[in-house]
Structures are given as structure tokens and as C-alpha cells.
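Protein chains: 2
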Amino acid sequence: MRVSELSRVTGVPVATIKYYLREGLLPSGELSPPNRARYGDAHAHRVALIRSLTDVGGMSIADVRTVLQVIDTPGIPIHDVLGATVQAITAARPGAGTGGEQRDAARMVDDLIARRGWQVHRTNPSRAIAEDVLARLDRLGQQRVIEALDAYAAAADLIAEADLAVVAAVEGRDARAETAVLGTLLGDVLIAALRRLAQEHISAKQFPPPTE
Amino acid sequence: MRVSELSRVTGVPVATIKYYLREGLLPSGELSPPNRARYGDAHAHRVALIRSLTDVGGMSIADVRTVLQVIDTPGIPIHDVLGATVQAITAARPGAGTGGEQRDAARMVDDLIARRGWQVHRTNPSRAIAEDVLARLDRLGQQRVIEALDAYAAAADLIAEADLAVVAAVEGRDARAETAVLGTLLGDVLIAALRRLAQEHISAKQFPPPTE
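Residue numbers (our numbering), protein chains in the order written: chain Z, 1 to 212; chain D, 1001 to 1212.
The hints are simulated quantities; they were obtained by calculation from the structure and are not laboratory data. Honestly, I wouldn't trust all of these hints.
Unchecked claim - Reference listing, derived: stretches of chain D covered by chain Z, where coverage requires no fewer than 3 residues with Cβ under 8 Å from a Cβ of chain Z: (1) 1032–1040; (2) 1063–1070.
Unchecked claim - Here are the simulated EDC-like pairs of lysine to aspartate or glutamate, each with C-alpha atoms no more than 20 Å apart in a straight line: (3) Z:K205 with D:D1063; (4) D:K1018 with D:D1041; (5) D:K1205 with D:E1171; (6) D:K1205 with Z:D80; (7) Z:K18 with Z:D41; (8) Z:K18 with Z:E5; (9) Z:K205 with D:D1080; (10) Z:K18 with Z:D80; (11) D:K1018 with D:E1030; (12) D:K1205 with Z:E171; (13) Z:K205 with D:E1171; (14) Z:K18 with Z:E30; (15) Z:K205 with Z:E171; (16) D:K1205 with Z:E30; (17) D:K1018 with D:E1005; (18) D:K1018 with D:D1063.
Claimed, not checked - Anything over 10 Å on all C-beta distances counts as not near chain D; from chain Z, calculated: (19) V3; (20) E5; (21) Y19; (22) G29; (23) S32; (24) S52; (25) T66; (26) L68; (27) V70; (28) T73; (29) A84; (30) R115; (31) G117; (32) G141; (33) E147; (34) D174.
Just so you know, even glycine gets a beta-carbon here, dropped at the ideal spot from N, CA and C.
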């Protein structure tokens, strides 16, 4: 198909597709007479993938490039694909402050990891994110939320087990890499949405609205 | 304290604090001779709250204003505070496309809600978010991820139960409102971080890295 049809099929403007081509997110089309590039289903798929990472995952074009490079590089073990993706998302977050709350939060995360028996590297960037959130909650006097940490971690374990079962069920290294990336990023948004649906249900029972 | 000390205590530049004052996110300080505003702990707390919503929650200043107005308005039932917050975050997300995947996704969400026995309004914006994510996963050929929907929903139920227990344990309507907002927004980020830590642990067991 021509770029105009690729635009129609994906719902993404031609100018944006050309931008993705220039930025190297989308491989060039096949040149065919009269000297116009032709695109295939793989291009349409790649455009939908880019849009999901930017629109739903909230990623910058630079971070999308990093993630796509990881997916496109043969030979990277699947375990490292997850790690590299997380790193790409994490870099975008502003760093936390320092101080007493930060040290307390670091100990809280270490203790939690030990309680759950998780084997995770010191360098996993999600440690720092968890510490940042806990330090902010502490500073804002939200001790009750912090007390829910173990409940959240137990739920996270269930989610991660489902995640890895999904990845294991997919055949082929490239497909697995894409599933790991999409399942993690879009999964965050999906789980947050499901959480709010469940909250509404439980909240209505617990705090019934005043009857008129 | 003067605005310079408020800046030091919160780690937020004076210019940014003055911006929050102009935008009405932060109440004015008390004017005291020689005609300079003085700020208290409540101001420092409010600045930390704003920064958590923008830096961790990724919210725009306009959305923060909406959420703060909800918190600051007396008489809004606590159940509605959650709803209003979710609405403020949801508006920022680009809309989904339409078409066959969208209709399938809407049915999937309806069926899921029925299976879990959730009583939720048609207008809950998280329905549309869940539908958008499922439609994109469908389009990208990620059926395996979609099959994990019930596992994710079960985890979401556990999280929401912990959430509402936290809110119920907090005394006073204003404190409850703030806990609902912070617990939901910062909780999303915390849970996503815990999910990645658990993923690393399970992934290393399931896909052991090649030994050198």
C-alpha cells in the first residue's frame, strides 16, 4: 500500500508517519516504480505499536526508539528485554528528593523484598520508584496507604505471575519481546482502570451515597 | 515562614511557588508587616501534594486544580471525590478509535464486570480506558494478554479492597479525600513498580539467563 493508505488503515496522519520514518521508528517502505515507497501489514502493525506506546503508555518518541531497538535486536535474552523496557520508562520520571523519608523508604522497600522472597537486582529502577512514592506518602502523612504496602505487593505478585504465563505462552523470541513490552505498559493502564472499576463497586457499598 | 523558606523546605523553586499562588493551587500567605506574606506548614503540605500529583501522577496543572477543588469543596460525599479524581485523570488520555475491535472490547468489559459482579455506572471513565487498551491489544495480535484479563481483574479487586480499607481507616472527610486521591494516583505508580520487581523475580526463574 501507499503511505496514504497506510495512513487510512492506521488512522495516523501522513505527516506523522513520515516523522516516524525519519526518526527510524518505522522501517522504510519497498521502493517500487514509479519510485514510490510501498508499505505492508508489518508497517501498519508497527505504527499501531508506536501509537500504543505513546498514546496509552505515555512514552516519548526517544523512549519508544529505545524500546523498539531492544525488540529489534536479535539475541537479547527475553529476560533482558523486560529490564531494558522498564529502564526506558523509568528514565522519564523526575528523581526523588533525599533526606530522612528517603532512607526510611529505602529500608521499607528492602524489607518488603525480603519478606516476599523476591530476588531482584540492586539496579532494578523500580526500587527507586517505589522508594520515591513511599517517601512522598510519608511526607504527606499518608501512613495508612503505606500500611497497605504488603497487600499491594501480594496483588503485584499475582499480576506478575499472570504476566510471565502470558509471555511463556507466546512462541518465538520477537513475539515474546513485543508481548512483554505491550503487556507491561498497556497492562499498567488496564490494571489501573480495573482498579477504579472495583473501587467504585466497593466504595458504593462502603460509603453509600445519601438518599434523596 | 517567608516564601524563600517555603522554597527551601519543599525543594520547589520560589518562581514555581509563585506560579502555584497565581494559578490558585496554593492559598495566599498571611500578610504581615512589613507587608510580606508568611506561610505555614499547611502551605508546605499543599506544595508537596501538588508536586506528587504532577511529578508522580503525571497530571497537568489544570487537572491538579480540578482535583484540589474537589478536595477543597466541603460537602462532596467521599464516594464522589474518587469519581471526580478519576475523571480529571481520564480526560487527559487521547480517545480510542472505533470499529470492530472497539465493539468487541466493549463487550469484553461488560462481560468482565458481570462476571465479577461489579456494580459500576455506565459513565465510569475507566470503562472506556479498559476498552481502549483491549481494542489496541486485539489489533496488535496480543490475544494472550487479553486472556489474562480475569487474573488482572482479580488482582484489581484485592487492590481496591485494600484501598477502601485505607480510606475507611482515615478520620475526617478532608483527610479521607486526600487519601483517596493520593492513594489512587501514587498507588498506581507504586503498584506498577512492585509489579516490575515481582516480574524480575519470576522472569529470572522462568527464563534463566544463559550461563557464561
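Evaluation of the provided hints:
1. 1032–1040: Per the Cβ count (0), the hint is violated.
2. 1063–1070: Three-residue rule not met by the segment 1063–1070 of chain D, so violated; n is 0.
3. Z:K205 with D:D1063: 28 Å, violated
4. D:K1018 with D:D1041: Within the cut-off at roughly 17 Å; holds.
5. D:K1205 with D:E1171: Distance of about 44 Å is beyond 20 Å: violated.
6. D:K1205 with Z:D80: 13 Å, holds
7. Z:K18 with Z:D41: 17 Å, holds
8. Z:K18 with Z:E5: Since the Cα atoms of K18 of chain Z and E5 of chain Z sit roughly 13 Å apart, the hinted pair holds (cutoff 20 Å).
9. Z:K205 with D:D1080: 13 Å, holds
10. Z:K18 with Z:D80: 31 Å, violated
11. D:K1018 with D:E1030: With Cα atoms ~14 Å apart, K1018 of chain D and E1030 of chain D stay inside 20 Å; holds.
12. D:K1205 with Z:E171: With Cα atoms ~18 Å apart, K1205 of chain D and E171 of chain Z stay inside 20 Å; holds.
13. Z:K205 with D:E1171: Roughly 18 Å between the alpha carbons, so the hint for K205 of chain Z and E1171 of chain D holds.
14. Z:K18 with Z:E30: 14 Å, holds
15. Z:K205 with Z:E171: Outside the cut-off at roughly 44 Å; violated.
16. D:K1205 with Z:E30: 42 Å, violated
17. D:K1018 with D:E1005: 13 Å, holds
18. D:K1018 with D:D1063: Distance of about 18 Å is within 20 Å: holds.
19. V3: Fine: 19 Å to the nearest Cβ keeps V3 of chain Z off the interface.
20. E5: 16 Å, holds
21. Y19: The assertion about Y19 of chain Z holds, with a minimum of 17 Å to chain D.
22. G29: Given that every Cβ of chain D is farther than 10 Å from that of G29 of chain Z, nearest at about 20 Å, it holds.
23. S32: Holds, since 27 Å exceeds 10 Å.
24. S52: 5 Å, violated
25. T66: 16 Å, holds
26. L68: 14 Å, holds
27. V70: Answer for V70 of chain Z: holds, closest chain D Cβ roughly 15 Å.
28. T73: Answer for T73 of chain Z: holds, closest chain D Cβ roughly 16 Å.
29. A84: 12 Å, holds
30. R115: 12 Å, holds
31. G117: Not fine: 8 Å to the nearest Cβ puts G117 of chain Z too close to chain D.
32. G141: 8 Å, violated
33. E147: The claim is violated: E147 of chain Z sits with its nearest Cβ about 7 Å from chain D, within 10 Å.
34. D174: 12 Å, holds
Taken one by one, the earlier hints fail for this structure at numbers 1, 2, 3, 5, 10, 15, 16, 24, 31, 32, 33, listed in ascending order.
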